[in-house]
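Residue numbers (the numbering used here), protein chains in the order written: chain F, 6 to 265; chain B, -5 to 236; chain Y, 11 to 266.
Calculated directly from the structure, the hints in this document are not laboratory data.
Accuracy of the hints is not assured; some may be wrong.
[Unchecked claim] Covered stretches of chain Y (chain F as the covering partner; in silico rule of three or more C-beta atoms under 8 Å from a C-beta of chain F):
| id | region |
| --- | --- |
| 1 | 33 to 42 |
| 2 | 94 to 104 |
| 3 | 113 to 124 |
| 4 | 127 to 138 |
| 5 | 200 to 212 |
[Said to hold, decoys possible] Calculated from the model, a selection of chain Y residues having no Cβ within reach of chain F, i.e. all distances over 10 Å:
| id | residue |
| --- | --- |
| 6 | ASN66 |
| 7 | GLU157 |
| 8 | LEU196 |
[What the hints assert, rightly or not] Computed cross-link-like contacts, BS3-like style, restricted to lysine-lysine with a CA-CA straight-line distance of at most 25 Å:
| id | chain 1 | residue 1 | chain 2 | residue 2 |
| --- | --- | --- | --- | --- |
| 9 | F | LYS101 | B | LYS96 |
| 10 | Y | LYS241 | Y | LYS67 |
| 11 | Y | LYS67 | Y | LYS185 |
| 12 | F | LYS66 | F | LYS55 |
| 13 | Y | LYS252 | Y | LYS241 |
| 14 | F | LYS226 | F | LYS190 |
| 15 | F | LYS190 | Y | LYS67 |
| 16 | Y | LYS75 | Y | LYS39 |
| 17 | B | LYS96 | F | LYS223 |
| 18 | B | LYS51 | F | LYS101 |
| 19 | F | LYS180 | F | LYS226 |
| 20 | F | LYS241 | F | LYS66 |
| 21 | Y | LYS219 | Y | LYS171 |
| 22 | Y | LYS219 | Y | LYS241 |
| 23 | Y | LYS75 | B | LYS96 |
| 24 | F | LYS241 | F | LYS190 |
| 25 | F | LYS226 | B | LYS96 |
| 26 | Y | LYS190 | Y | LYS75 |
| 27 | Y | LYS82 | B | LYS96 |
| 28 | B | LYS96 | Y | LYS237 |
| 29 | F | LYS101 | F | LYS55 |
| 30 | F | LYS223 | F | LYS190 |
| 31 | F | LYS226 | B | LYS100 |
| 32 | Y | LYS67 | Y | LYS82 |
| 33 | Y | LYS185 | Y | LYS249 |
| 34 | Y | LYS249 | B | LYS96 |
| 35 | B | LYS31 | B | LYS116 |
| 36 | F | LYS66 | F | LYS91 |
| 37 | F | LYS35 | Y | LYS67 |
| 38 | Y | LYS82 | Y | LYS237 |
| 39 | Y | LYS252 | F | LYS180 |
| 40 | F | LYS180 | F | LYS241 |
For glycine and all other residues, C-beta sits at the position ideal for the given N, C-alpha and C.
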Amino acid sequence: MFRNQYDTDVTVWSPEGRLLQVEYAMESVKQGSACVGLRSSNYVVIGALKRSVNEMSSHQKKIMEIDSHMGIAIAGLTADARSLAKWMRNECLNHKYVYGESMPSKRLCDDLADRHQRTTQTYVRRPYGVGLLVGAYDEATGPHLYQTCPSGNVYEYFATSIGARSQSAKTYLEKHYEGFDNTEKDELIMHALRALSGCVQGDGELNKDNGSIAVVGKDQKFILIENDELSVYLDKLDVEGGNGEGEGEGGNDGDAMEES
Amino acid sequence: MSTLSFSLDPTAAQTTPSQRTQYPIVTGTSVVGLKYKGGVMLAADTLCSYGSMAKYKDARRIRTVGTNTIIGASGEYSDFQSIMDTLEGHTQDDVNYDDGHKSDAKSIHSYLRAIMYQRRSKMNPLWNDLVIAGSGFLGYVDKIGTTYEDDFIATGFGSYLAIPILRSKWRPDLTEGEARALLEDCLRVLFYRDCRALNRIQIAKVAEGETGVVSEPYELETNWEGAGFESTKGGMEGDGGW
Amino acid sequence: MASSGSGYDLSPTTFSPDGRIFQVEYASKSVASSGTLIGLKCSDGIVLACEKLLANKMLVPGSNKRINTVSKTSGCAFTGFVSDGRQIVNRAREEASSYLDTYGIPVPPSVLADRLAHYVHYFTLHGALRPFGASMVLGCYEEDMDEASLYMVEPSGQVFKYFGCAAGKGRQGAKTEIEKLDLSTLTVAQGVKEAARIVTMLRDDGKDKPMELEISTVAAENNYVHKPCEKSVIAEAEKWAKEQIEEEEDMEEDED
Chain F
6 MFRNQYDTDV TVWSPEGRLL QVEYAMESVK QGSACVGLRS SNYVVIGALK
56 RSVNEMSSHQ KKIMEIDSHM GIAIAGLTAD ARSLAKWMRN ECLNHKYVYG
106 ESMPSKRLCD DLADRHQRTT QTYVRRPYGV GLLVGAYDEA TGPHLYQTCP
156 SGNVYEYFAT SIGARSQSAK TYLEKHYEGF DNTEKDELIM HALRALSGCV
206 QGDGELNKDN GSIAVVGKDQ KFILIENDEL SVYLDKLDVE GGNGEGEGEG
256 GNDGDAMEES
Chain B
-5 MSTLSFSLDP TAAQTTPSQR TQYPIVTGTS VVGLKYKGGV MLAADTLCSY
45 GSMAKYKDAR RIRTVGTNTI IGASGEYSDF QSIMDTLEGH TQDDVNYDDG
95 HKSDAKSIHS YLRAIMYQRR SKMNPLWNDL VIAGSGFLGY VDKIGTTYED
145 DFIATGFGSY LAIPILRSKW RPDLTEGEAR ALLEDCLRVL FYRDCRALNR
195 IQIAKVAEGE TGVVSEPYEL ETNWEGAGFE STKGGMEGDG GW
Chain Y
11 MASSGSGYDL SPTTFSPDGR IFQVEYASKS VASSGTLIGL KCSDGIVLAC
61 EKLLANKMLV PGSNKRINTV SKTSGCAFTG FVSDGRQIVN RAREEASSYL
111 DTYGIPVPPS VLADRLAHYV HYFTLHGALR PFGASMVLGC YEEDMDEASL
161 YMVEPSGQVF KYFGCAAGKG RQGAKTEIEK LDLSTLTVAQ GVKEAARIVT
211 MLRDDGKDKP MELEISTVAA ENNYVHKPCE KSVIAEAEKW AKEQIEEEED
261 MEEDED
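Let the sequences and hints guide you as you build the complete structure.
Right, here's the structure in full:
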C-alpha cells in the first residue's frame, strides 16, 4: 500500500511536487456516499444519499442547514463535516449580528477553503477528510453552488456531484445542466433525484429513507425534504421509470462506519 | 505610596483603575438629516471645538463611504476619523472579495451599531453620535449603541432645536430644494442658539440611483436684527448687571 | 531525480550534502507544472495574465480567480497550488491594509514585495511547515516614481523586480516571447493583447481542454487602479491572439 516515503506527512512535498497526504484526504471524500447539487437562475437544490450502518440503525444525516439562506451536503468524514458546519453556522450568525444581513456565500466558502488550506501546511493538524457541496442564495447575487475540498480548493458550479459512484450523477448533470436556467423548483428537484438515483449502490434503489433533498432560493428559505415529503417526488420518479436504473459502478461497500 | 498612576515595577499589580476615554476632547456639534422625495440629505457645520474654544473651522464632518453611503458625525473628531479609516478598509475589502456584494447604508449602520455597542460595553466608547444615510435609508447610532431609523434625525443640540422645526415642516414629498432649505433653516437656528455651532456648513445627499455627494463648505446667511437678539437684556438696560 | 532520496529531501530544515534544500525545490516543481502566468511592465502600467485550466465544463465562468486585487493600486496573480496562492493573497491584503493604516500612504511595491517574500520564506525555515507551492506576481503602483512596478515572489522566498516575468508550465517559452517585445514603448492596451497571445500560444497539445484567460491591469489610464479586464476586452484580445498565432503558423508553413 505504501507508495513511497513522501506520503505520511502533510508537510512533505514529493519530488514531483505533489502533496500525497492531501491527495489521500481527497480520497476520503470519494468514500462517502454521493451528493449532488444543481442550480437554476432562482434556486439551488442539493441532494444526498444517506447510509445506515445496519438494519437497526437510522440513516446518517447528510444535509445540514447552515443558515436560512444556506445549506451543505457532505461526503467524507461526518465528524469533520459537523465541526466545519458548526464553524460555518457561527460565521453566518456573527455576520448577521454585525451587518444585519446574511453572510455572502462566496466569502464564507473562501474562508472555509482557507481553513482547509491551513491544515495542509502545518505538521500538527491533519487535513479535513470531507468535501462539501454548499448551496446558497444571496440577495445581491442570486443562487450559488460551491464545492470545497480537503486540499483547500473551492469551485463554483452550475451543477456537480461528489462522493462514491458520483460519476454517473455528473454524467447526467453534464447532459442536462445547460437547460436548468429557467427550471422551476420542483423540476430541479426531479433532476437532482434522477442524478442521485444513478449513484445508489448495487441493487438498492433511491427511496424515502435514503434520499435527502434540500432547496434554497428566491423567496425560499432553506428547506429539507425527506421521508414522506420526499415520497411525492419519488413517486413521480417511479412513474417516469427513472429509479433503480443507475449505472452501478461495482461494489464499494467498504467500512462505512465513519464515512457517510 | 506612589502618586504615579502607573508602577515602575513591572511585577507589581496595577493599583489604579485604567483610564479610558471618559470624555471627548475635540468635538463637532449637531448633524441633521432627512429623507425627501427621491433621496436622503444630511447637513452639518464645519466647526470642531476644543472645549469651548472654536478651534478648527474647516473640519468636514460628513463623508462618503464607498459610493452610496454618507455619514455625518458629531462628537469626538478623532474617533470619527478612526471610524472612517475602518470603513474605508471595508470598502476595499468589498472590492477585493470581488463577489458582487457591496456594503450598503443599512449594513454599515448595523456594523456601526455592533462596534459602538461593543466599545461601550468595554467601557471605552467611541465618542460619537452618527447619522448614516443611503438610498432610501436614514439611521442613527450613538456612542452607547442606541440605534433608530426615521424620516428625519438630528444629533446633539439638534435634537432639541432642529427636531421641533422638522416635526412641523417635514413632509414625505419635500423636493430636493425644499429639503435643502429646511436643513439650512435648522442649521441657522442651531448657529443662533448653540455656542459650539458655526454658520459655515456642508450639505450632502444620496439621490435615488445616484452616488453620494458632499458639497463644499459654504456660509449661511444670518440675520441678527431679530427682536429676540435685540432685547437680550430683558428690559434691564442700565442696571449694570449686563 | 539526480540526487533526491537518501533521506535528505524530507524536510525544509535539512540540507543535502551538496548544500541544497530539496523540499523547496520540490515545492517549486508544483508551480512549474501549473498554468502559465506572465507579467509585463509596459510603458504606462502593468499587465498580468494567467491561464486557468478548467477541470469541468459545469464550472461557473469567472469563478475561482487566479488574479486578485490586493489594494486600490495593486493586484497579484499566482500559479501553482491555488489554495496556497490564496494564502499569499490574503497576506498581501493584510500587509497592504496595515501599511495604509499605519503610515497613511499606500504601501510602496518594494516594501509589499519584500514583506511577502519574508512571509513565503518563513515557510522554508521550519520543520513543522512546508514551503508554498505557488509563485506570485505582483503589479503595484509606486507613488514616488509615479509608475507601476512588477515583482515575482517564488516558493523559496526569493523576490525580484522585473520588466517581464513568467511562471508555470509555459514559462520558458513565455520568457523568450517577452524578450522579443519592446516593453519600453509597449502600451498597456497592446500589452493586454500580447499577453493573451503569449499565454494562448503556449498552451500545450491539449488545446481543446477548457481554459479561461484572466487578465488585469494597473494602468495610467485608470489612475493606476488595479482592474481585472472586462470579459469583452479579454475576448477581443483572445481573438486577436488567435489570428496572430494562425498568421505565424501560416508563415512558418510557407517557409517550409
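Check your understanding: Taking C-beta pairs only, is ASN66 of chain Y more than 10 Å away from all of chain F?
Key -> 7 Å, violated
Check your understanding: Hey, LYS190 of chain Y versus LYS75 of chain Y, does the alpha-carbon distance stay inside 25 Å?
Key -> It is violated: about 29 Å lies between the C-alpha atoms, which goes past 25 Å.
Point to revise | Hinted pair LYS241 of chain F and LYS190 of chain F, Cα distance within 25 Å | key: 14 Å, holds
Exercise for review: Could you grab the alpha-carbon distance between LYS185 of chain Y and LYS249 of chain Y and see if it respects the 25 Å cut-off?
Suggested key: 22 Å, holds
Review point. Going straight from one Cα to the other, do LYS96 of chain B and LYS237 of chain Y come out at no more than 25 Å?
Key: Holds, at about 17 Å.
Practice item. Could you grab the alpha-carbon distance between LYS226 of chain F and LYS96 of chain B and see if it respects the 25 Å cut-off? Key: 22 Å, holds
Check your understanding: Taking only the CA atoms, is the gap from LYS51 of chain B to LYS101 of chain F under or equal to 25 Å?
Key -> 39 Å, violated
Review point. Can the restraint linking LYS252 of chain Y and LYS241 of chain Y be considered satisfied, given a maximum Cα separation of 25 Å?
Key: Between LYS252 of chain Y and LYS241 of chain Y the Cα gap is close to 16 Å, so the pair holds against 25 Å.
Check your understanding: Has the given pair, LYS35 of chain F with LYS67 of chain Y, been kept, meaning a C-alpha gap of at most 25 Å?
Key -> 20 Å, holds
Practice item. With a cut-off of 25 Å on the C-alpha distance, tell me whether LYS180 of chain F and LYS226 of chain F pass. Key: With Cα atoms ~28 Å apart, LYS180 of chain F and LYS226 of chain F exceed 25 Å; violated.
Review point. Are the Cα atoms of LYS223 of chain F and LYS190 of chain F separated by 25 Å or less?
Key: Distance ~10 Å between LYS223 of chain F and LYS190 of chain F Cα, so the pair holds.
Practice item. With a cut-off of 25 Å on the C-alpha distance, tell me whether LYS75 of chain Y and LYS39 of chain Y pass. Key: 22 Å, holds
Hint compliance for this structure: hints 3, 5, 6, 11, 18, 19, 21, 26, 29, 32, 34, 35, 39 are broken, all remaining hints hold.
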